[in-house]
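Engineer: Listed below are the residues making up each chain.
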Amino acid sequence: MVGFVKSVRGGDGNDSPKLAPDVPPAAKRPQSVSAETSRYLFAVVRSRYTAYHASSASDGSRDVSEMDSSDSPGTTVAFATTHSSWSRRDFIKGVIASGVSVSGMSYFGAGCTTPLPAQTGGVERLLSLTVNGQVRRVDVLPGETLAMTLRYKLGLTGTKLGCDRGECGACTVLIDDVNYYSCSTLTHRVRDREITTVEGLESPDGTLHPVQQAFVDELGPQCGFCTSGQVMSAVALLRANPNPTRQEAREAMAGNLCRCGAYDHYLNGVMRAVSEA
Amino acid sequence: MMKDMMSGFELYQPADVDDAIQLIDRYGNRGWKLAGGYDSLDWFKNRGKGPEAVIDLEGLDALKGIRETTDGVEIGALTTLTEVERSPLLRDRYGLLADAARRVASPQIRNAGTLGGNLSQDTRCWYYRYGVDCYRAGGNTCYAAAPEAMNREHALFGASRCVAVTPSDTAPALVALDAEMVVRNARGERVIPAADFFMEPSVDIQRMTVLDPDDLLTAIRLPASWAGADFYFEKVADRKSWDFALVSVAAAFRTSGAQIDEASIVCGAVQCIPRRLHDVEVLISGRTRNEETAALAGAEAIRGAEPLDYNHFKIPLMENLVKRAVRG
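Protein sequence lines correspond, in order, to chains A and B.
Residues 1 to 277 (this note's numbering) are what the first sequence spells out, left to right.
Residues 1 to 328 (this note's numbering) are what the second sequence spells out, left to right.
Hint data in this document are derived by calculation from the structure and do not stem from the laboratory.
Since we're looking at a predicted model, the values are computed, not measured.
Among these hints, one or two may not hold up.
[Said to hold, decoys possible] Partial selection, computed: residues in chain B whose CB lies under 10 Å from chain A: (1) Ala112; (2) Pro316; (3) Leu317.
[As the list claims (entries may be wrong)] Below are the SDA-like pairs computed for lysine to any residue, each with C-alpha atoms no more than 20 Å apart in a straight line: (4) B:Lys49 - A:Cys163; (5) B:Lys240 - A:Asp177; (6) B:Lys64 - A:Thr245; (7) B:Lys240 - A:Arg246; (8) B:Lys64 - B:Lys240; (9) B:Lys240 - A:Val138; (10) B:Lys240 - A:Asp264; (11) B:Lys240 - A:Asp176; (12) B:Lys64 - A:Arg193; (13) B:Lys240 - A:Arg165; (14) B:Lys240 - A:Leu208; (15) B:Lys240 - B:Ser7; (16) B:Lys240 - A:Arg193; (17) B:Lys64 - A:Asp192; (18) B:Lys240 - A:Glu251; (19) B:Lys49 - A:Leu267; (20) B:Lys240 - A:Asp192; (21) B:Lys64 - A:Gln247; (22) B:Lys240 - A:Arg137; (23) B:Lys240 - A:Arg250; (24) B:Lys240 - A:Thr245; (25) B:Lys64 - A:Arg165; (26) B:Lys240 - A:Ile175; (27) B:Lys240 - A:Ala254; (28) B:Lys49 - B:Glu85.
No residue lacks a Cβ here, since even glycine has one placed at the ideal position from N, Cα and C.
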C-alpha cells in the first residue's frame, strides 16, 4: 500500500530515485495473457496461417517446418520475425485471417481461464456440436455460453453479442428450430441439438433465405447489428407458423431490440417473407 | 461494474432426479441449480454469485411436462414458460396461468425459462442486483429506501428493512389458483401451499422462497377447485415486452349469475411476496359483480399501502387493476 501511494505521487511529478525499488520489475509482473492462452493463440494463428498459405499456393511446407521449430510459449512475435521472406502485406493478411481467434483471446484471457477444480465427474470438455448441418469438435469450458463458442471458437461471428445478458436479442440462434439467446445458453446444454446460425440460412449457391431477402427488400437493417438476431427470430416464427398475422409476427419479434428503431421495417420484412414464401 | 466472464465452476448434467438430488445435497450452498439460466447466468456474469458446482437440471425429463391428475393438474417444475403458455389443457382450465406465462419477458426467454425458475428467481431490486451490501445481501442498510433512492419499482406493503418486490408474473397466478409446490431433498418430499412458498423479509431477509440450498422444486400442482373459473390477469410494466411488472393482478371468480360466490385475488410487484387480498375477497363475496363492487374492492385493496418516495403511482395503479379484475 505504501508503495502504491508513493508511486502515485511519483506520477504527479514529485518523483525521486528512491521510488524505483517499489515498482516491481517488469519480468515479475503478472502476465496479462497466460502461457496456456498464448500457446493456444499461437496454435490457432499457425493453423490459420498454414491454411491461408496452402490455399494461396505458396510454399506451404516450408512455412510449416519453420514454424514448428519455433513452437514454444510466447513466440507469437518470433514466428513473424523468423520468416524474413514474408512481406508486410502477407503478415497482415495472416493476421486478418486469424482475426477471429485473436479477438476471442481478449475475451477468454479475461476470466474463462480461471483455474478449475480437478474434474470430479462433471462434464467432458471436448464435445461435438452440430452447427449448420456440420459436426464440429470443440473444447468447451463448463461455464462457456453458446455465443462465445460460436463466435470465438467456431468463427461464426454472424451471431452478435450485444448485452450478453439475454436482454437485447442480437445473439439469437435456432436450437432445433426454436429461437434462444445464445449468450444465456451454456454450450454444454446443446451437445445433442441442431444449432442454426445466420451463416446457415443461405443455400449453397448463395441464394439468401426468403427472410434475409425480404429484410433487404424492406430496408430492415440500418446499422445492422441486431439484424442476424432479427433474422433468426423471424425464421423461427415461420418454421413454427408459416402463415402468421402481423400481430403474431410482432409478438414473435418482441425479443429482439433494434436501437435504430427499424421495427416496422423488420415487421414489413417478415410479412413480405410470409407472402413470398 | 458490468463484467462478462464467469468464474470457473464444475458443471454437472444429471439425467436422473435422484442423481441431481444427490449432487445438490453434496454441494449444499456451494452448489447452484441451473434451470433456464436467465437469472443464474446474469448472477455468474456479474460475479454476484460464484458457485463451486453448477447442477444443470435441463436433462431431468421427469420434471418436464403437464399431466392431469385425479385432483387437477401437475406441472413439472422444468416445464418451459412457452409450454405453459401454449398448453391446451392449461388454456382450457387454468387460463390464468397461461395468460400470466404469456406475459413473461420475451419469446426467447420463455422458450428457455421454466415455471420453477420463474417462481424461484431472485428479486430484481437493482440496488441489490448491483452488488451493494444491503440487508438482503447480508449488510445493514436498504439502499432502495434511503432518502435519495430511486424506488419507483419497489414495495407498497410488507416492507421489513428490505423493500424489494416479487418479480414473478406466474407467482400471483399460482397463489390465486391455490397451487401447491412439490419440493424434494435427500430426506424426502414435502408439499407446500403456494401462499407459504414465498418468503417475507420479516421472516428471512436473504431469500425469496422457502427453498433451502439442498431443496429441489420438482412440480407445481393446480387443484381442481379453480379449474374453469372466471379469470382475470393483467400486468402493467413500462414496456409491453421484456419487462418486469410495476403492478400485476391475477384473479379467479366463481359466480352464480352476476353474484360472486367466491373470489381469489392476488397482486404482484407490490410486496416481497405475491399479495393475496383476503379482505377484498371476503368483502365482495355474495355481492353482485358490478361497478359499485369493483370500486369497493379497489378501495379496500390499497388500504394500508405505504409508498416510498417514487412509487406513489402504484397505489392508483393497483386500485384500478383490482377494479378492472372485479368488474370483469
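Engineer: Give a verdict on every hint.
Structural biologist: Verification of the hints:
1. At its closest, the beta carbon of B:Ala112 sits 5 Å from a beta carbon of chain A; the interface hint therefore holds under the 10 Å criterion.
2. Taking 10 Å as the C-beta contact cut-off toward chain A, the hint placing B:Pro316 at the interface is violated, the least distance being around 27 Å.
3. About 22 Å separates the beta-carbon of B:Leu317 from the nearest beta-carbon of chain A, more than 10 Å, and the hint is not met.
4. Between B:Lys49 and A:Cys163, the direct Cα distance comes to roughly 19 Å. Compliance with the 20 Å bound is thereby established for this hinted pair.
5. In summary, the hint linking B:Lys240 to A:Asp177 is not supported, as the alpha carbons are separated by about 25 Å, beyond the 20 Å threshold.
6. Restraint check for B:Lys64 and A:Thr245: the C-alpha separation of about 30 Å exceeds 20 Å, so the hint is violated.
7. Between B:Lys240 and A:Arg246 the alpha-carbon distance is near 16 Å, which keeps this suggested pair within the 20 Å criterion.
8. Using a Cα cut-off of 20 Å, the hinted pair B:Lys64 and B:Lys240 is violated, with the two alpha carbons roughly 28 Å apart.
9. Taken as a hint, the B:Lys240 and A:Val138 pair is broken in the structure, with Cα atoms around 39 Å apart against an allowance of 20 Å.
10. Of the supplied pair hints, the one linking B:Lys240 and A:Asp264 holds, its CA atoms being roughly 16 Å apart against a limit of 20 Å.
11. Only pairs whose Cα atoms come within 20 Å are accepted, and B:Lys240 paired with A:Asp176 is rejected, the gap being roughly 27 Å.
12. Among the hinted pairs, B:Lys64 with A:Arg193 is consistent with the structure: their alpha-carbon atoms are about 18 Å apart, no more than 20 Å.
13. Among the hinted pairs, B:Lys240 with A:Arg165 is consistent with the structure: their alpha-carbon atoms are about 19 Å apart, no more than 20 Å.
14. Under the criterion of a C-alpha separation no larger than 20 Å, the hint pairing B:Lys240 with A:Leu208 is inconsistent with the structure, at around 32 Å.
15. Annotation: proposed proximity of B:Lys240 to B:Ser7 is violated, straight-line Cα distance about 34 Å (limit 20 Å).
16. Among the hinted pairs, B:Lys240 with A:Arg193 is inconsistent with the structure: their alpha-carbon atoms are about 32 Å apart, more than 20 Å.
17. With a C-alpha separation of about 18 Å, the suggested pairing of B:Lys64 with A:Asp192 holds against the 20 Å cut-off.
18. With a C-alpha separation of about 10 Å, the suggested pairing of B:Lys240 with A:Glu251 holds against the 20 Å cut-off.
19. Annotation: proposed proximity of B:Lys49 to A:Leu267 is violated, straight-line Cα distance about 39 Å (limit 20 Å).
20. Between B:Lys240 and A:Asp192, the direct Cα distance comes to roughly 34 Å. Violation of the 20 Å bound is thereby established for this hinted pair.
21. A distance of roughly 30 Å separates the Cα atoms of B:Lys64 and A:Gln247; the hinted pair therefore is violated under the 20 Å criterion.
22. Only pairs whose Cα atoms come within 20 Å are accepted, and B:Lys240 paired with A:Arg137 is rejected, the gap being roughly 41 Å.
23. With a C-alpha separation of about 11 Å, the suggested pair B:Lys240 and A:Arg250 falls inside the 20 Å cut-off, and the hint holds.
24. For the hint linking B:Lys240 to A:Thr245, the alpha-carbon distance of about 18 Å falls within 20 Å, and the restraint holds.
25. Only pairs whose Cα atoms come within 20 Å are accepted, and B:Lys64 paired with A:Arg165 is rejected, the gap being roughly 25 Å.
26. Between B:Lys240 and A:Ile175 the CA atoms are separated by roughly 26 Å; this puts the pair beyond 20 Å, and the hint is violated.
27. This hinted pair checks out: B:Lys240 and A:Ala254 have alpha carbons roughly 9 Å apart, not beyond 20 Å.
28. Taking the CA atoms of B:Lys49 and B:Glu85, the gap is near 30 Å; set against the 20 Å cutoff, the hint is violated.
Of the numbered hints stated above, those contradicted by the structure are hints 2, 3, 5, 6, 8, 9, 11, 14, 15, 16, 19, 20, 21, 22, 25, 26, 28, listed in ascending order.
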